[in-house]
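Asks: The primary structure of each chain is shown beneath.
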Amino acid sequence: MRTVFKTSYDADIDLFRHRAQLGWYVLLLAIALVLPLGVSSFALGEMTNLLIWAIACMGLMVLVGQTGQASLGHAAFLAVGCYANVLLQQKLGLPFIVAFPLAGLIAGVAGAVIAMPMTRLHGVYLAIGTLAVAILTDDFIVLATPLTNGVNGLFAPDISIFGIGFNRYANPDRLYYLILAITLLVVLLYRNLQRSPLGRSFAAIRDSEISAQAMGVNVARTKAVAFGISAGITGLGGALMGHFAGIFNNETFNVIISIQLLLAIVIGGLGTIHGAFFGAGVVALLPQAISMSRDFIGQFLGGGSVAIPGLEAAVFGAILIGFILFEPMGIYGRWVKIRTYFELFPFYRKDMFRRQKSYLKTERMR
Amino acid sequence: MSLLELENVTLKFGGVTAVNKVSFAVEEGEVFALVGPNGAGKSTIFNLISRIYDPFEGDIRFDGQSILKRQPHEIAGLGIARTFQNIELFDQATVMQNLLVGRHRHRRSNMWTELAFLPSVRREEHRHREAIEKVIDFLDLQAYREKYIAGLPYGVRKVVEMGRALAIEPRLLLLDEPASGLSVEETQDVAFWVEDMKKQMGITVLMVEHDMHLVASVSDRVLALADGQMLALGSPHEVQNDPRVIEAYIGAADENEEVLA
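Listed in order, the protein sequences are those of chains A and B.
Numbered as in the numbering used here, the first sequence ends at 366 without a single skipped number.
Numbered as in the numbering used here, the second sequence ends at 261 without a single skipped number.
No lab work stands behind these hints: they were computed from the structure.
All the pointers check out, no bait thrown in.
Computed cross-link-like contacts, BS3-like style, restricted to lysine-lysine with a CA-CA straight-line distance of at most 27 Å: (1) B:199 x B:134; (2) B:134 x B:147; (3) A:6 x B:134; (4) B:69 x B:12; (5) A:337 x B:147; (6) A:337 x A:6; (7) B:134 x B:198; (8) B:147 x A:6; (9) A:337 x A:350; (10) B:69 x B:21; (11) B:147 x A:350.
The structure presented is a predicted model; accordingly, all values stated were derived computationally and were not measured.
When you get a sec, could you build the whole thing from the sequences and use the hints?
Replies: Below you can see the structure in the form of structure tokens.
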């Protein structure tokens, strides 16, 4: 196990704990950069999709993992980001490079505004409240047909930055690099959040609202800010989803997407950036994996592809149940355990990560 | 002018009067203890000062200003810090991060500068850590800096919570049972720390405590409460020997008992 000998406060504040950690991430980035050279354009498309999901997952992670507020309504913010981005480009003629951040900002403001009444709710009530927001957004898109073209949907134009076009089919590697860059930017924002007072106040609210308040944290406002940042990042993810899908309507961002997002971050591991990426991997790649294995099993049995309706949902459900039962800390939690096992070998103990409650909590005031 | 004044403060929960017309004043630089049996209303008074409850009637003034118009989160900004009876730390964070949350009152940066992590934010972080260094030194927490709260023993958590309150740099510190569940030695440490807070840091301390030895050794004045009523106010010695206080704790010495004895 590596013990970091800290000689300055910067060691606490810097993005990487030590040189070796920086090395690993540089290696990961290098692999991500050379990836388009080695894989088919189909696989590259899947990777691009994964990165988009990772952005959306990071958005929800800020709220659920960092601040401890449940949300089943994040498909609404995907939709707001997506529609805002395309409408700003189509109706106002703004270039992507302006429309895209603005879309994030609009989704963020929408999130903060919705949060103001919503964060008075706690736990399961908050989840139900946010679920209602997701369902209402679906209806609002249909009601606002003159603007959103309702159930017929909208076409997302190709992304164009200073005359350079990014199309999923024409130049998949360019689109991949663009989205990789945006992903890295979001990761940087997330890391900055984690190491700053605002991120600490989020964690304070997650662990004990009453003492966060006693430390001078304005709980209601901070929750609204958390909702805003979360919705903003999710909105960026939604905007990219729109461009990636090419066409979208009110059904594209339905409640199922909300639930998938929440599943992704729980399976990935709550409260960590790694968890957002692992979870995105599961949600983005699983449908492809299932259809591939379906073809494979079909061939094996000597027929065509096996079609089992609802298979995808069932597999998702089974994976989620499996994780909740056997690994509540998610894929990243499992990875940390495996790493710790080897770092401490042979001194790893079975219950090292067991959660324990060894004292009473103050009776909650609300 | 007293630092903290409670004037005729009453709080009712339904039909139960938790605090009944309680008035007292804590002078700047003193250690003031609230004692009384369970349910006397001691922690409720803390929660009233923290603005978690609104008093039914009466006024609470800090530094001459009524705090009843303040929001609960503004109390720390006034310079009133507190600990909780059942330890309310941020479990999924390290000791360092917990203490840093205590510095929230001194935050100068805003959301945008923090998301961009401008050099000014980094300088602020350095300043916060330097301030916390003093708290860590004072409470001997060096060994636990990077440890997660969830894995710490009870006694250390108590100390960390006190440290987090000190990180606020308060003028008035509310300690809710600082010695409950602590060993004899740890309790002695608490006594020294409270002395030093008063003498070196100039912090006024208001504490709720059941350990009468601790109360007698550190406090300047003691207020005894029972069933939300004020029983006696004075030096630890006076209060301990007040017949009403003795009655509240061990019951009245009536004639039958004397016969039995």
